[in-house]
Amino acid sequence: MAVLVIAEHDNRRLRPATRAAIAAACRIEPRVDVLVAGHGCADVAAEAAGVAGVARVRCADAPHYEHELAENLAALVAGVAGDYGHLVAPSTTFGKNLMPRVAALLDVAQVSDVCAVESADTFVHPVYAGNALETVQCLDPVKVLTIRPTAFDAAPAADAPAPVEVLPPGPDLGLSRFVSREGTATDRPELSTARVVVSGGRGLGSAERFQARLTPLAERLGAAIGASRAAVDAGFAPNDLQVGQTGKIVAPELYVAIAISGAIQHLAGMKESRVIVAINKDPEAPIFQVADYGLVADLDDAVPELIEALGR
Amino acid sequence: MKILVPVKRVVDFNVKVRVRADGSGVELDGVKMSMNPFDEIAVEEAVRLREAGIATEVVAVSCGTAACEETLRTALALGADRAILVETDAALQPPAVAALLAALARTEQPRLVICGKQAIDDDANQTGQMLAARMGWPQATFASKLVIDGDEAVVTREVDGGLETVAVRLPAVVTTDLRLNEPRYATLPNIMKARRKPIDRSSPQALGVDVTPRLRVLKVSEPPKRRAGERVPDVATLVDRLRNEAKVI
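Chains A and B, in that order, are what the protein sequence lines are.
Quick note on the working numbering: the first sequence kicks off at 936 and runs consecutively.
Quick note on the working numbering: the second sequence kicks off at 389 and runs consecutively.
Honestly, the hints are just simulated from the structure, not real lab data.
Just so it is clear, the structure is predicted and the values come from calculations on it, not from any experiment.
A hint or two may mislead.
What the hints assert, rightly or not - Computed list of lysine-lysine pairs in BS3-like fashion (alpha-carbon distance at most 27 Å, straight line):
{"hint": "1", "chain 1": "B", "residue 1": "607", "chain 2": "A", "residue 2": "1216"}
{"hint": "2", "chain 1": "B", "residue 1": "635", "chain 2": "A", "residue 2": "1216"}
{"hint": "3", "chain 1": "B", "residue 1": "390", "chain 2": "B", "residue 2": "533"}
{"hint": "4", "chain 1": "B", "residue 1": "607", "chain 2": "A", "residue 2": "1206"}
{"hint": "5", "chain 1": "A", "residue 1": "1206", "chain 2": "B", "residue 2": "533"}
{"hint": "6", "chain 1": "A", "residue 1": "1206", "chain 2": "B", "residue 2": "613"}
To be verified - Negatives, chain B to chain A, calculated, CB over 10 Å:
{"hint": "7", "residue": "401"}
{"hint": "8", "residue": "455"}
{"hint": "9", "residue": "576"}
{"hint": "10", "residue": "585"}
Every residue, glycine too, gets a C-beta built ideally from N, C-alpha and C.
Could you put together the complete structure from these sequences and hints?
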């Protein structure tokens, strides 16, 4: 049966997590369809058509798809679901919002946060904050999946672009409307796909110190900035920087944890990182149990020294 | 306005769960159980809306074994007016819970359902969205702010890359994120009072809902363990290791 990947985008560019979703979908079927629903999203459709493994892009362009509201989008996806055996999206806030709604419209189950595809109906996903891995067999005729983007390498570019077809938009259900969006402006890499992440915890003490210590280090390393839940709750960093069970899951090449104690729910969000560095003044901090390199030091000494040493 | 708040009994967030040696699941015997933290936030938000005169009644619901009564008593102690226990020994997956809640929503007719965004046991993050779909209602997930404005709920959502505000027509489902509020502690007098509040009982059979699981759990395993690495004495050694050993910078 065919596979459909629901693209996440901002009407200009494909979000990187979509490429990981395409790669995961290609483990089920080597060639997959991609649905691009948006408004003025022709560039996104063209970009999706250029991803390896994509057989066809179906593009639904209408004003009521501009902000990816779940009500209209889920109805559109459910409407084409009859053509497919699998519906796949990344387990970002976009996919988590959308896919359960799609599954319920089809009266089927949804598997959350798939980190491995065992076969066309069997998937592995983390539960209990990643402290257990559950292998489940999906008994429904249509398998609805969100996939963990960090568990799959992004699909590369295709040799030749796939065709883009127009999908007639569904109606505007008028159940919800977009009001506003407040972005966290940054010219640094996106947190969930960055090669290097520098994360700060409550030990930073204040929003000012969080900025003052982490920003120059992140700039030196070309890193995204993350934060522990404690740091976000304390108001040191905005909510979308939270790494952990209920925040973002990251798996960079290098994760630098500064003044983060290492609560279970934080480890759930970063323990798949290739190399973990922990800098903490408390030698007993649990973060050291998962760190490849641990440095017991005061961050006001160690971080500036690190920035200087990296520049050499 | 009546608000329905589903609450789930889960392993307490402080417990580090262990996978059973036979791979059949995680060890739950003798483990401390509590209300799912996101559901506490949902109860708190509903109670605040009632205290503000916007809601008239807060009804807590739990689906599961008889032990869920304890979770409902907690919800009542936090300020819910009454509770419903949908009692079953069956293992419930999100589609089943959503179907049970939809059956209750049809009879209770709340204007708002506030759910936790995810339960910290299965981490599924599905039930609220599934309930909204079943009812044909809009959904506002991952809420960090909720304002009732006439026939709409205006909700600020925690999304990747920042905050998004949407307006959803009532009745609607809202799911809570961490920063919506800070739940109160149940005081002793309120815990005593909660014992006298009514808990109605129902069951999947009574609600006419088939709760057969759609996902067959084949095995539960332990994730690969990370080992502690090296304690480096100073920044210079750290940079040397990152450059020459890990080759990551």
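A quick look at each hint next to the structure:
1. B:607 - A:1216: Since the Cα atoms of residue 607 of chain B and residue 1216 of chain A sit roughly 40 Å apart, the hinted pair is violated (cutoff 27 Å).
2. B:635 - A:1216: Holds, because 25 Å separates the two Cα atoms, which is no more than 27 Å.
3. B:390 - B:533: holds, 19 Å
4. B:607 - A:1206: Holds: residue 607 of chain B and residue 1206 of chain A sit about 22 Å apart, inside 27 Å.
5. A:1206 - B:533: At roughly 31 Å apart (the allowed maximum being 27 Å), residue 533 of chain B and residue 1206 of chain A break the hint.
6. A:1206 - B:613: Distance ~9 Å between residue 1206 of chain A and residue 613 of chain B Cα, so the pair holds.
7. 401: Residue 401 of chain B is in fact no farther than 10 Å from some Cβ atom of chain A, at 7 Å.
8. 455: holds, 19 Å
9. 576: holds, 27 Å
10. 585: Label holds. Min Cβ-Cβ 30 Å, cutoff 10 Å.
Of the numbered hints listed earlier, those contradicted by the structure are 1, 5, 7.
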